[in-house]
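Using the sequences and the hints given, assemble the complete structure.
So the chains spell out like this:
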Amino acid sequence: MTSRLLYPYLRINSNRLHSNGRFNLKLLPIALLGVVICVTLYIISWKTISYFQAQNELGVILSMKIFQMIWITIFAMLIFSSMITGVSTLYLSKDNEIIVTSPVTMSELYEMRLTTTFLNTSWMALVFSLPVFAAFGIVLEAGPWYWPLLIISLPATGLTASAAALLFVIVLIYIFPARRTRDIMFYLTLCFGIFLYLVFRLMRPEDLVNPEKYGQFIEYLSAVSNPAGPWLPAGWSANLLTTYLLDRQVDWLLLGLILLTPLILSYAGEMAMMRLFLPGFSKSQESFGGNRRFGSWMTSDKAWVWIFKKELISFLRDSKEWSQLFMIAALVVVYLYNFKVLPLERTFGTVYVANLIAFGNIGLSGFLSAALAARFVYPAVGAEGGSFYLIRSSPLPLSRYIFYKYLFYAVPFTCLTALLIGASNHFLQISGPMWWISLFCATVICWTLVAMALGFGSIFADYNAENRAASMGPGAVLYLFCALSYVLIVLLLGFRPTYRLMRGWISHQNIPLIDAVQLTIWGTGVIVLSLAVAFFICRRGLAALRPR
Amino acid sequence: MNQTILSLHGLTKRFDRFTAVKQLSLDIFRGEIFGFLGPNGAGKTTTIKMIAGLLRPSGGTLSICGSDMNTDAGRCRRLTGYIPDRPYLYEKLTGQEYLNFSASLYSDTLSGKTWQAKADEYLHYFDIDGWRNNLIESYSHGMRQKLIITSILMLDQPLIVVDEPMVGLDPKSGRIVKELFRTKAAEGKTIFLSTHSMEIAEELCDRISIISAGTVIATGTVRSLREEAEHDNASLEDLFLQLTGAFELQGVIAALKNSRNTMP
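In order, the protein sequence lines correspond to chains A and B.
To convert, note that position 447 of the first sequence is 447 in my numbering; the numbers rise steadily by one, no gaps.
To convert, note that position 185 of the second sequence is 185 in my numbering; the numbers rise steadily by one, no gaps.
Hints may contain errors.
Stated by the list, open to error - Here are the simulated SDA-like cross-link-like pairs (lysine to any residue), alpha carbons at most 25 Å apart as the crow flies: (1) A:K94 - B:G142; (2) A:K26 - A:P474; (3) A:K94 - A:M271; (4) A:K94 - B:E137; (5) B:K113 - A:R4; (6) A:K94 - B:Y88; (7) B:K92 - A:S93; (8) A:K94 - B:N133; (9) B:K113 - A:N464; (10) B:K118 - B:R30; (11) B:K118 - B:R182; (12) B:K92 - A:M271; (13) A:K94 - B:T45; (14) B:K92 - A:L545; (15) A:K26 - B:K113; (16) B:K92 - A:N96; (17) B:K92 - A:L6; (18) A:K94 - A:S14; (19) B:K113 - A:R11; (20) B:K92 - A:I459; (21) A:K340 - A:S14; (22) A:K94 - B:V167; (23) B:K92 - A:P474; (24) B:K118 - A:I99.
Unchecked claim - Here are some of the chain A residues that sit facing chain B, going by a computed Cβ distance under 7 Å: (25) R4; (26) P8; (27) I12; (28) V104; (29) E108; (30) S282.
Stated by the list, open to error - Partial selection, computed: residues in chain A whose CB lies under 7 Å from chain B: (31) Y7; (32) R11; (33) D95; (34) T101; (35) S102; (36) P103; (37) S107; (38) R496.
Because the hints were derived from the structure by calculation, they are not lab data.
Glycine included, every Cβ here is placed at the ideal spot set by N, Cα and C.
Okay, structure coming up:
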């Protein structure tokens, strides 16, 4: 009977794929983009694993360690996104008004919500992890059982994450008193932050490059070859596959655990749903709306002041939005902590490597900015929803409206970039030109990424999305792909002049004129390229927003 | 008209320290069109959401055809159709797909495909049968309202709960809705509707209740309320204003008139 509740989900997706009885050709570039990403991921993974395989026994163990880390990281991401999606789908979905008032059973509703949460949160992780795991299988010349084991483990682990998250959410919403229910997101993000921290600390990635930490090499070898996360379902999947990859043996106990866990968690979730959902749902309606009164502040009649104010209070008064700041804080802490624990003085012992990492860190901070911009800046225009008519029909030019939005988001993004670069440079003990190169380059990249997110968000604006997270469709994937390509181009073009300049500076503490000129040309090129990209995409966005 | 379909006794709803509905008691009978009137924020939608099973009462009892909402919510839902004031419809479904989905939710209570013939009839009345295979995202507000009314009326349940039925409807469709409600009532169905429109209440409802600040302050036929208020010839609007204490707005109206007269 669950199929009747899945009918809208299936029809909606089918209607998206087909328009007027034909395949929607607009989706073709997105599908091609997906294929390109999959192929790229496969090639990168293949090259990396092949490199490790070419090393001695240690290389094999390290590649297995990375394999386990990928599983645990994917599982952590799936748990968190399932928790956030679970709150939205179970308690905040607009169709609850239709479904909850009808005589469907709670177990039916649970099965439908679990299925949609699992599909919505897992499909991207599953699709894009397949090429990576496939590369492991090819390079390690996996036996015939690797592929069916992989195909079983991936969705089973995804379903475990979704079922565990839904169970957690149902109990959490039931337990907390009504007036605190709107703070649920805060607790969820806090839990995720702690979980993420624990996962990273338990995996201790820095130990992989720090054999000196161990008294004997054999201790190091045994530490890295230990199974990762034996208490995590993702660890079971990783261990099942690594055991098979190395020894060609199937651990039937692990396979049984992998298959039974989602079933047991789903059953527990269904029981919880039947007993706890309706009281929790009633509470959620009382509290997510809120009867709070708000005072007025910052009075001015300037449009930019009010656009800033509107953006800020819309964000701060929506607990679903601001609570994600905790997630960002957790990510920043993990990000910086990993720089802090890098055993620079022992493992590398050279200033060259520290400067190399600082240069790579520009890309990492760019990646983080792009991910955050996709989440917060990309949906900024669509988030106006039905009230966008007010902007369109007002005498305020759309270009100025977009510019004000840009300024609003550029400020916090610049601060975050400066913090990430400044702090990680401090931990890496960077001084001299690299400090300024990384700050300059990361800032320009950050400003461009914000402009690109706003431009793409305008082109693909979804005014009917239930919330900001829901408005991130294929356009957001396209944005991320273009953003990462832009960051890569900037870094690849800058690698050589930066390397030459830094080599001179480290050797002689001075900067040769020719290197300084090359670096200046690159810097100017970066500014020109960034301006061109930002203006081009924003203009396309503006054209999409203008009445046609 | 004596069989009680909907029975509310001491129904109370508290949101934190704010009590939205206080000790509400009503009995609504078979074949009755019952109007629920009140100023904005009086507690109408909260009451309706409790009847529809979307909110749990903080106190009191609520039963539909003898089944208690607390202990037998499933049966209560089978017997009730709920038409919200701002309906959510799946934008990417067609109208017909939405009707299929809606019928599937009540499949236990429906016999065969009779709902489809009724849906066809209502879609024809509302003049949207040509749009049934278009995506809902292309519908106007009124068309969405007509579709959701169709999706509930076609199910033929004994109790239909309607929150502001005429929002977004053109006069022709409004008239059709009124006639449909009358027909349903004549067939023995009960309609519980909340409205701001005095004209609808006066024209359509057998009995009305007026709620203010979460408390029912009057219940009866329009005639009995007139008698109660000792205004035999007063319109329902005057009665409403008197009963809800909104006559202070006379002062506001006078002030507005004065300011208009003093304009240069």
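- Query: Is A:K26 within 25 Å of B:K113, Cα to Cα?
  - Reply: violated, 37 Å
- Task: With a cut-off of 7 Å on the beta carbons, see whether A:E108 makes it to chain B.
- Result: Violated - the Cβ of A:E108 stays beyond 7 Å from chain B, reaching only about 10 Å at its closest.
- Message: Need the status of pair A:K94, B:Y88: alpha-carbon distance at most 25 Å?
- Response: holds, 6 Å
- Query: For the pair supplied as a hint, B:K92 and A:L6, is the alpha-carbon distance within the 25 Å limit?
  - Reply: Holds, at roughly 14 Å.
- When the nearest CB of chain B is found for A:P8, is that gap smaller than 7 Å? With a closest approach of 5 Å, the A:P8 hint holds.
- Message: Can you confirm whether the C-alpha distance between B:K113 and A:R11 stays at or below 25 Å?
- Response: OK: B:K113 and A:R11 at ~20 Å, within 25 Å.
- Message: Can you confirm whether the C-alpha distance between B:K92 and A:P474 stays at or below 25 Å?
- Response: holds, 16 Å
- Query: A:K94 and B:G142: Cα distance at most 25 Å?
  - Reply: With Cα atoms ~19 Å apart, A:K94 and B:G142 stay inside 25 Å; holds.
- A:I12 as chain B interface residue, shortest Cβ-Cβ below 7 Å: Where the cut-off is 7 Å and the nearest Cβ of chain B is about 4 Å from A:I12, the hint holds.
- Does the structure keep A:K94 and B:N133 at a Cα separation of 25 Å or less? Roughly 22 Å separates the two Cα atoms, so the pair holds.
- Restraint status (C-alpha distance of B:K92 to A:S93 at most 25 Å): holds, 15 Å
- Given hint A:M271 paired with A:K94 - CA-CA distance at most 25 Å: holds, 24 Å
Hint violations for this structure: numbers 9, 12, 15, 21, 29, 37 and 38, all remaining hints satisfied.
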